[in-house]
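Put together the whole structure using the sequences plus the hints.
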Amino acid sequence: MNAAKSFSSRLAGWLPRIVVAPSLLIVIVTVYLFILWTGVISFTSSKFVPVYDFAGFEQFVRLWATPRWHTAVANLFIFSALFLLLSTGIGLLMAILLDQNIRAEGFLRAVYLYPMALSFIVTGTAWKWIMNPGLGIQKVVNELGWTSFTFDWITDPKMAIYTVVIAGVWQSSGFAMAIFLAGLRGIDNSVIKAAQIEGASLPLIYRQIIIPMLRPAMLSVIVLLSYIAIKSFDLVLALTNGGPGSATELPSTFMFSATFRRNQMGVGAASAIMMLMTVAAIIIPYLYSELRERNNG
Amino acid sequence: MSKFLASLVAATMLVPAAARAEGTIEVLHHWVSQSEVDALNVIRKDLETKGFQWKDSAVGGMSGANAQQALRSRLTSGDPPGAMQFLGWEGPQWAEQGVVRDLNDLAKEGGWREALPPQLLTFVTSGDAFIAAPINMHRQNWVWANKKIFDDAGIAPPKTWEELIAAGKKLKEKGVTPVAMGDEPWQIGIIFDALLSDLNGPEFYKKAAIDLDPAALSSPEMTKVFDTLREVRGLVDDNFVGRDWAVATGMVINGEAAMQFMGDWAKGEFLAKGLKPNTDFYCFATPAKVPTFQYVIDSFGMFTVKDETVQKAQVALAETIMDPKVQKGFNLIKGSIPARTDVSVDDFDDCAKLGFNERAEAIEAGSMLGAMTHGFAAKPEFASVFGDVAAQFFVGNMSSEDAVKMLVEGIDNAR
Numbered sequence: 001m002n003a004a005k006s007f008s009s010r011l012a013g014w015l016p017r018i019v020v021a022p023s024l025l026i027v028i029v030t031v032y033l034f035i036l037w038t039g040v041i042s043f044t045s046s047k048f049v050p051v052y053d054f055a056g057f058e059q060f061v062r063l064w065a066t067p068r069w070h071t072a073v074a075n076l077f078i079f080s081a082l083f084l085l086l087s088t089g090i091g092l093l094m095a096i097l098l099d100q101n102i103r104a105e106g107f108l109r110a111v112y113l114y115p116m117a118l119s120f121i122v123t124g125t126a127w128k129w130i131m132n133p134g135l136g137i138q139k140v141v142n143e144l145g146w147t148s149f150t151f152d153w154i155t156d157p158k159m160a161i162y163t164v165v166i167a168g169v170w171q172s173s174g175f176a177m178a179i180f181l182a183g184l185r186g187i188d189n190s191v192i193k194a195a196q197i198e199g200a201s202l203p204l205i206y207r208q209i210i211i212p213m214l215r216p217a218m219l220s221v222i223v224l225l226s227y228i229a230i231k232s233f234d235l236v237l238a239l240t241n242g243g244p245g246s247a248t249e250l251p252s253t254f255m256f257s258a259t260f261r262r263n264q265m266g267v268g269a270a271s272a273i274m275m276l277m278t279v280a281a282i283i284i285p286y287l288y289s290e291l292r293e294r295n296n297g
Numbered sequence: 001m002s003k004f005l006a007s008l009v010a011a012t013m014l015v016p017a018a019a020r021a022e023g024t025i026e027v028l029h030h031w032v033s034q035s036e037v038d039a040l041n042v043i044r045k046d047l048e049t050k051g052f053q054w055k056d057s058a059v060g061g062m063s064g065a066n067a068q069q070a071l072r073s074r075l076t077s078g079d080p081p082g083a084m085q086f087l088g089w090e091g092p093q094w095a096e097q098g099v100v101r102d103l104n105d106l107a108k109e110g111g112w113r114e115a116l117p118p119q120l121l122t123f124v125t126s127g128d129a130f131i132a133a134p135i136n137m138h139r140q141n142w143v144w145a146n147k148k149i150f151d152d153a154g155i156a157p158p159k160t161w162e163e164l165i166a167a168g169k170k171l172k173e174k175g176v177t178p179v180a181m182g183d184e185p186w187q188i189g190i191i192f193d194a195l196l197s198d199l200n201g202p203e204f205y206k207k208a209a210i211d212l213d214p215a216a217l218s219s220p221e222m223t224k225v226f227d228t229l230r231e232v233r234g235l236v237d238d239n240f241v242g243r244d245w246a247v248a249t250g251m252v253i254n255g256e257a258a259m260q261f262m263g264d265w266a267k268g269e270f271l272a273k274g275l276k277p278n279t280d281f282y283c284f285a286t287p288a289k290v291p292t293f294q295y296v297i298d299s300f301g302m303f304t305v306k307d308e309t310v311q312k313a314q315v316a317l318a319e320t321i322m323d324p325k326v327q328k329g330f331n332l333i334k335g336s337i338p339a340r341t342d343v344s345v346d347d348f349d350d351c352a353k354l355g356f357n358e359r360a361e362a363i364e365a366g367s368m369l370g371a372m373t374h375g376f377a378a379k380p381e382f383a384s385v386f387g388d389v390a391a392q393f394f395v396g397n398m399s400s401e402d403a404v405k406m407l408v409e410g411i412d413n414a415r
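Same order as they appear, the protein sequences are chains Z and P. For the first sequence, our numbering begins at 1 and goes up steadily by one. For the second sequence, our numbering begins at 1 and goes up steadily by one.
Hints listed in this document are in silico derivations from the structure and should not be mistaken for laboratory results. Any given hint could turn out to be false.
What the hints assert, rightly or not - Between beta-carbon pairs, the in silico distance windows are:
id, chain 1, residue 1, chain 2, residue 2, range
1, Z, I102, P, G396, 42 to 52 Å
2, P, E48, Z, A55, 41 to 51 Å
3, Z, G56, P, G175, 54 to 64 Å
4, P, G396, Z, V140, 18 to 28 Å
5, Z, V141, P, G396, 22 to 32 Å
6, P, Q69, Z, I222, 32 to 42 Å
7, P, A65, Z, A280, 22 to 32 Å
8, P, E48, Z, F77, 49 to 59 Å
9, Z, G13, P, Q69, 42 to 52 Å
10, P, A272, Z, I102, 24 to 34 Å
To be verified - Derived lysine to aspartate or glutamate pairs resembling EDC-like cross-links, with alpha carbons at most 20 Å apart:
id, chain 1, residue 1, chain 2, residue 2
11, Z, K158, P, D213
12, Z, K139, P, D237
13, P, K379, P, E96
To be verified - Negatives, chain P to chain Z, calculated, CB over 12 Å:
id, residue
14, K206
15, D237
16, A246
17, K312
18, I333
C-beta atoms are modelled at their ideal positions from N, C-alpha and C, and glycine is treated no differently.
Spelled out as structure tokens, the structure:
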């Protein structure tokens, strides 16, 4: 009786570990082992197939001597910063406007959220046509009579990355709106009433009270959108395919083409490691501060 | 009842048993469009008459890059397909890894080396080994032109690039888009490859695009190539971003644009509309003193496998592919011309006949060249640098001198 009890209690202690073990093993192999393998490859002279020699930092030197990589890194920063800023800003504004007890709110909410249901491939292809000067916005405006109007960013290597931002923001700001709206509904009305009694104006209430109270929602939006920004490989592929020239190349598209299309497996691995380092430089301080807060709390 | 059931079972088992009498071969390739599949059926049917079954493994997309990835994982897990479609350096590179079957006995017996243009052997042999059976040959450096537009403007097919550009400017003044194309690097690369050899001769092409000779890469001749490429840019409309090559061909067919630089896969678009060469549209090589034939071939390589029935099937497949009859049937559908030079030109259209003739001349004149943009000159790590520079130059406003500098640095960095 006693033995059986200790067995069942021991099982109860082990059960979570047993249940988690297979998925843990899969994650270790498919994620961490391959990160390690990519790291190894980045220090070899691999080209067409992996070779296991030691080439030092040769591939990293080569990577940073490639103009396309510089374009890709600059684009990642331009794209992520603008994408985060605009999606969050527009999302917040739409949420506040929708929160004013307007009619048909449910319908409007669905309209704004709907782009999120599309895949980036669809968004990219549609915006490719919308922004093509001979098919889309420019042509329509010109035909309406404003013949000097031009909107040809997608053909201009200097401006093309902003077309990716436009398409990305269009898709994701509704999503930010939905999260902010949920956050707004969670705010206690009595706080706002109290502020109104004190004589605070509406803009002041929003600026000083409501938006600061949305901090948890803001954090979720930023985390989720940054992750969308970093993985936005398919959007670029469908919208511009890295062009014109290589003006809209991102690190992810660079890595793919170096590894699989250009016989530069070592350079591709080096670029993947650079991406990992960049993400780690942002995530590790964040995790550190989060964990410390939790330990203190 | 049980007798009936038994005979029924026997009957259903008989059919596949008969079909599998000799063996099955799995073929990994990236041909998925209708004409490609129809052309493959010619090979498949001939293979079936020899008693072998073709097991289709088509992985489309990314110009074959997806199929390459599929192959990598199959090879790593020790389960290679019986045969694989090779493009460019893929065959020789896999052969260096020691995974490709040597078909030299078959090649000697069948006189394959003699039947193929000598320039092509780089991509189907590796040392003494014969590693792949080439089925077809496309030519990359064609110009496809709308004959009515040319006639209305009083323009004949140009004999030099100066004439071509002058004709383009004349058409532009008349409000016709002279050149239809998209901004994809490979579409720009087709023009760049043509200019390399057309302006400076096939020897220069070999030095620059195959030997990667630093002197040739930084020469004034290279600057001239970029200067001319800039002039071609002036002949393209501003809406070329993201335009598919077939859409550009459609513009020539509809009379929106006068000409397109494209490989002979564009011919199918004209023929599908019922248009006839030299009555409705022109096909001619990019203009040069020595016309070049920039080839693109598809070949099938066989992997080393243990299964003896698959080994037999590999022999049968290789022989089928190298059969002049099969090459003819295949290429009549695919729009290319046979890789073998001894196939009769009857039944082919006028453009293909012109291709046959100019190929024979090019082999003699030494102007039979692998098309760099499709992987048949420099290895991919270098060819992609040419492609990057040409594409960035074409869509932006870089000077020719800067482009040459970028090219030299890029090639050195990839060495």
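Right, here's what the structure says about each hint:
1. I102(Z) - G396(P): 42 to 52 Å: Cβ of I102(Z) to Cβ of G396(P): about 47 Å, so the range 42 to 52 Å holds.
2. E48(P) - A55(Z): 41 to 51 Å: Because 49 Å falls inside the window, the suggested range holds.
3. G56(Z) - G175(P): 54 to 64 Å: holds (59 Å)
4. G396(P) - V140(Z): 18 to 28 Å: Distance hint for G396(P), V140(Z) holds at roughly 27 Å.
5. V141(Z) - G396(P): 22 to 32 Å: Given about 25 Å between the Cβ atoms, the range holds.
6. Q69(P) - I222(Z): 32 to 42 Å: 34 Å Cβ-Cβ, so the 32 to 42 Å window holds.
7. A65(P) - A280(Z): 22 to 32 Å: Holds: the Cβ-Cβ distance is about 29 Å, inside 22 to 32 Å.
8. E48(P) - F77(Z): 49 to 59 Å: holds (58 Å)
9. G13(Z) - Q69(P): 42 to 52 Å: Given range 42 to 52 Å: holds, Cβ gap about 44 Å.
10. A272(P) - I102(Z): 24 to 34 Å: violated (54 Å)
11. K158(Z) - D213(P): violated (32 Å)
12. K139(Z) - D237(P): Holds, because 14 Å separates the two Cα atoms, which is no more than 20 Å.
13. K379(P) - E96(P): Since the Cα atoms of K379(P) and E96(P) sit roughly 14 Å apart, the hinted pair holds (cutoff 20 Å).
14. K206: holds (21 Å)
15. D237: violated (7 Å)
16. A246: holds (16 Å)
17. K312: holds (29 Å)
18. I333: holds (28 Å)
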